[in-house]
Amino acid sequence: MIKIAQLSCGTEYSGVQDEIERAAGAVGGKMVYPDVDLEDIKSAIEKFGFNPVSPQLKLMIARAVNVAEGHYDADAVFIASCFRCAEAALVRTELRKYIQEHTRLPVVTYSFTERTKSAQMLTRMEALVTIVERKELLARERQVGLTAGIDSGSSTTKAMIMRDNEIIGKFWLPTQDVFSSADTALEKALAEAGVKREQLEAIGTTGYGRFTLGKRFNAKLVQEELTTNSKGAVWLADRQKGEATIIDIGGMDNKAITVRDGIPDNFTMGGICAGASGRFLEMVAKRLHVEITELGQMADKGDYKKVPMNSYCSVFGIQDLVTSLAAGNTMEDVASAACHSVAEQIFEQQLQEIEVRYPVIQVGGTSLISGMVRAMEDTLGQRPIVPPHSQYIGAAGAALLSSGFLEGH
Amino acid sequence: MKVFIVPPNSLILFDLVERFGHKPLSIMGALSEKVTSKEIESPPLNVTVDDVKKGLKYAGIEVPSGIRGRLAIYGPLIDEAEAAIFMEDAPYMFGCVGCARTNEMVKLLVRKRKIPLLELDYPANDEEAKAVVQKVKAFLEGLK
Chain A
15 MIKIAQLSCG TEYSGVQDEI ERAAGAVGGK MVYPDVDLED IKSAIEKFGF
65 NPVSPQLKLM IARAVNVAEG HYDADAVFIA SCFRCAEAAL VRTELRKYIQ
115 EHTRLPVVTY SFTERTKSAQ MLTRMEALVT IVERKELLAR ERQVGLTAGI
165 DSGSSTTKAM IMRDNEIIGK FWLPTQDVFS SADTALEKAL AEAGVKREQL
215 EAIGTTGYGR FTLGKRFNAK LVQEELTTNS KGAVWLADRQ KGEATIIDIG
265 GMDNKAITVR DGIPDNFTMG GICAGASGRF LEMVAKRLHV EITELGQMAD
315 KGDYKKVPMN SYCSVFGIQD LVTSLAAGNT MEDVASAACH SVAEQIFEQQ
365 LQEIEVRYPV IQVGGTSLIS GMVRAMEDTL GQRPIVPPHS QYIGAAGAAL
415 LSSGFLEGH
Chain B
31 MKVFIVPPNS LILFDLVERF GHKPLSIMGA LSEKVTSKEI ESPPLNVTVD
81 DVKKGLKYAG IEVPSGIRGR LAIYGPLIDE AEAAIFMEDA PYMFGCVGCA
131 RTNEMVKLLV RKRKIPLLEL DYPANDEEAK AVVQKVKAFL EGLK
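Each protein sequence line maps, in turn, to chains A and B. Going by this note's numbering, the residue at position 189 of the first sequence is 203; the numbering climbs one at a time, nothing skipped. Going by this note's numbering, the residue at position 91 of the second sequence is 121; the numbering climbs one at a time, nothing skipped.
No false leads were mixed into what you were given.
In silico DSS-like cross-links for lysine-lysine, where the CA-CA straight-line distance does not exceed 27 Å:
1. A:K131 - B:K84
2. B:K87 - A:K131
3. A:K44 - A:K17
4. B:K83 - A:K131
Pair ranges (Cβ atoms, derived):
5. A:C327 - B:P106: 32 to 42 Å
6. B:V163 - A:K149: 49 to 59 Å
7. A:P322 - B:E149: 47 to 57 Å
8. B:K87 - A:Y47: 24 to 34 Å
9. B:E149 - A:M15: 44 to 54 Å
I should point out that these hints are in silico values taken from the structure, not numbers from a laboratory. Keep in mind the model is a prediction, meaning the values are calculated, not measured. Backbone N, C-alpha and C fix where the C-beta goes; we use that ideal spot for every residue, glycine too.
Go ahead and model the full structure; you've got the sequences and the hints to work with.
Following this line, the structure appears as structure tokens:
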């Protein structure tokens with residue numbers, strides 16, 4: 015059983031404690047609550063150096079100090095507090111840094127509302143447990159044998175066939191029905207590879223449809239996308255050694271993952287609003303009456319500074335863009351502003367929650383939108399690496415990691 | 031009389047109120063009802079999402095969920111309180127685990143009720159402790 019130390023404020027009173035425990039239990043983890051002596055709380059606050067007004071935040075800090083000093087045995091740390099609480103947001107971020115500075119434990123932070131359900135936390139919990147439980151598998155740098163990876167994402171389904179560390183087939187299509195999309199992607203990838211499905215030695219599934227597809231294809235590996243995407247990203251970018259930050263702007267949510275020697279050690283996953291995701295760019299493309307594939311080049315020609323974006327919300331953001339078009343701005347300027355809005359939002363909301371380590375590897379379908387990469391470069395001050403086949407990271411990671419289950423390898 | 035105590039989980043204040051013949055309104059009492067209710071399954075405090083919605087009576091939707099959940103428990107107690115005692119700057123041993131924002135809101139809600147209120151500072155030594163008990167005694171006896 016993987017012990018996940020919970021450092022939190024407000025969970026019991028927000029009605030989400032049960033959801034947190036359910037998410038942990040679903041992936042073989044158990045939430046634990048580091049004990050502290052009451053008299054140690056004051057000294058813990060002094061050591062930490064931040065004295066919040068809320069008593070429960072003080073307790074949260076004391077628990078973190080207890081874990082950091084090795085007085086309490088835990089395998090991973092989950093830091094959570096109410097969404098919208100400024101004091102807790104400060105403590106949450108600083109505690110995350112503190113735990114990472116003092117331990118090698120994987121950490122995930124989360125701000126919840128009363129509507130937070132276990133499904134929303136499942137991917138994060140699964141990644142925490144995987145990092146602890148499957149270190150050996152994650153350290154795998156080469157794919158062996160003949161394997162396939164299927165990434166059933168919210169927007170697109172991708173399949174990749176690999177043989178002895180080489181990509182021999184791949185295909186992607188928009189996700190409709192999860193089963194038929196995966197069937198088509200896999201068959202087309204197999205056709206490109208010139209192999210038959212029964213020849214495959216292992217299949218790995220990832221993405222939102224991973225559990226359903228895992229059963230259907232009798233997958234050896236069913237893995238959340240934080241792990242597979244980070245593995246696939248460092249493999250495709252040939253950055254298996256050293257540190258890196260992976261930014262994956264997805265259709266429904268965004269992931270920012272830091273890795274050390276190919277193993278993720280911290281991550282943040284956005285998902286409260288769609289204004290910072292690929293979905294927003296799709297909406298913009300639709301409004302501009304262009305294909306999403308054309309949006310990047312269009313944005314490259316525009317000047318985002320000419321378009322005021324007053325909102326990060328997908329609905330109000332589109333409204334800003336419409337107003338701007340009505341005021342006479344060009345479609346290029348609007349496309350550029352949309353890309354910058356997404357980049358800024360990722361920088362402000364997600365990259366503040368992790369310590370960005372260079373190089374940055376930008377992946378996912380949106381990394382094919384050149385204007386989006388340029389917007390990230392402007393925001394980060396350094397051009398991200400976009401590896402070849404960057405939209406296939408999940409499928410590549412699943413194919414690579416599933417080969418770790420082959421007998422005799 | 032029904033006396034609301036702050037911190038709402040203080041055993042010492044609970045005991046003092048009870049000793050001097052009044053009914054303490056505390057979080058322990060409110061939660062014990064929820065914990066023993068067979069219909070609710072959300073451990074450890076049995077605050078449900080519906081409770082958090084009830085908290086909207088005391089604070090708006092833009093307020094963090096943890097505050098609304100707490101207010102859903104404290105609010106009804108404040109509504110039925112006929113008097114209240116606040117202990118400021120109380121340490122953990124006295125029973126002050128909680129959210130500072132909620133605590134401020136709770137005090138405001140009590141003050142708005144215009145009920146008899148005793149505000150005390152946590153005693154720093156034995157002499158001050160005796161004085162505090164005397165003040166509580168006088169306040170509670172005066173309520174009769």
